Amino acid sequence: GEDVEQSLFLSVREGDSSVINCTYTDSSSTYLYWYKQEPGAGLQLLTYIFSNMDMKQDQRLTVLLNKKDKHLSLRIADTQTGDSAIYFCAEKGTAAGNKLTFGGGTRVLVKP
Amino acid sequence: NAGVTQTPKFRVLKTGQSMTLLCAQDMNHEYMYWYRQDPGMGLRLIHYSVGEGTTAKGEVPDGYNVSRLKKQNFLLGLESAAPSQTSVYFCASSSPGQPTTEKLFFGSGTQLSVL
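For the record, the sequence lines run as chains A and B. Residue numbers for the first sequence follow my numbering, so the first one is 1 and each next one is one higher. Residue numbers for the second sequence follow my numbering, so the first one is 113 and each next one is one higher.
Just chain A, with the same shape it has in the complex (with noise of 0.2 Å):
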């Protein structure tokens, strides 16, 4: 079935960029998604991107996409403490009901 790996953890100091990486392995992937996830909360769209596109930029998020190695990046720019989160990773398929198949989720912290 379809598998998509993160790295668990990332700790980035305040102002600084973090880049978040993504590898998947469904070839028939139509759109890849990144997820933010607060302490105690179910998780948010932040961004997606289809997968015909290699980049996409919106305010301080630029995704990344390598089509042909399967690789999906997330960079946050002019890192925040808010930005302190885990970030999933996740594919969608060519199967009905929209299902998502997801990473393990990045851990990052934001030193001051």
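In short, the hints are calculated from the structure, not lab data. Because the structure is a prediction, the values reported are computed rather than measured. Don't take each hint at face value.
Claimed, not checked - When the alpha-carbon atoms are kept at most 27 Å apart in a straight line, the in silico DSSO-like pairs for lysine-lysine are as follows:
| hint | chain 1 | residue 1 | chain 2 | residue 2 |
| --- | --- | --- | --- | --- |
| 1 | B | 183 | B | 121 |
| 2 | A | 36 | B | 126 |
| 3 | B | 183 | B | 126 |
| 4 | B | 182 | B | 169 |
| 5 | B | 126 | B | 169 |
| 6 | A | 36 | B | 169 |
What the hints assert, rightly or not - Cβ-to-Cβ under 8 Å is the rule here; a few derived chain A residues that face chain B:
| hint | residue |
| --- | --- |
| 7 | 39 |
| 8 | 43 |
| 9 | 45 |
| 10 | 68 |
| 11 | 103 |
| 12 | 104 |
The beta carbon of each residue, even a glycine, is placed where N, CA and C say it ideally should be.
Put chain B on the given structure of chain A with help from the hints.
Here is chain B on its own, set in the frame of chain A:
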């Protein structure tokens, strides 16, 4: 704006007990999902539903049953709880369409411990 509401928020069960987790959404979404979240394993899909009266198995369905008798509600049942079912359970809903409308809306989770 209630969105997706899960009840209860916390529960402790003994091995072999049964319980039902309730998920309710007020966004008229067609699709609903139950995920479980375990440390380092992300979210894994248990069961999902693409419409009232229909359900389907996800990645880890064993030990769980679901029902979608009303469009706005999706129930997750544990008939005989096991310690391996200790987890945080998330319900989500979405609608078909463009990616911004297909995004999943999540509830705030249910922390379940099985002793």
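Here is how each hint holds up against the structure:
no.: 1; hint: 183(B) to 121(B); result: holds, 22 Å
no.: 2; hint: 36(A) to 126(B); result: violated, 32 Å
no.: 3; hint: 183(B) to 126(B); result: violated, 31 Å
no.: 4; hint: 182(B) to 169(B); result: holds, 18 Å
no.: 5; hint: 126(B) to 169(B); result: holds, 25 Å
no.: 6; hint: 36(A) to 169(B); result: holds, 25 Å
no.: 7; hint: 39; result: violated, 11 Å
no.: 8; hint: 43; result: holds, 5 Å
no.: 9; hint: 45; result: holds, 4 Å
no.: 10; hint: 68; result: violated, 22 Å
no.: 11; hint: 103; result: holds, 5 Å
no.: 12; hint: 104; result: holds, 4 Å
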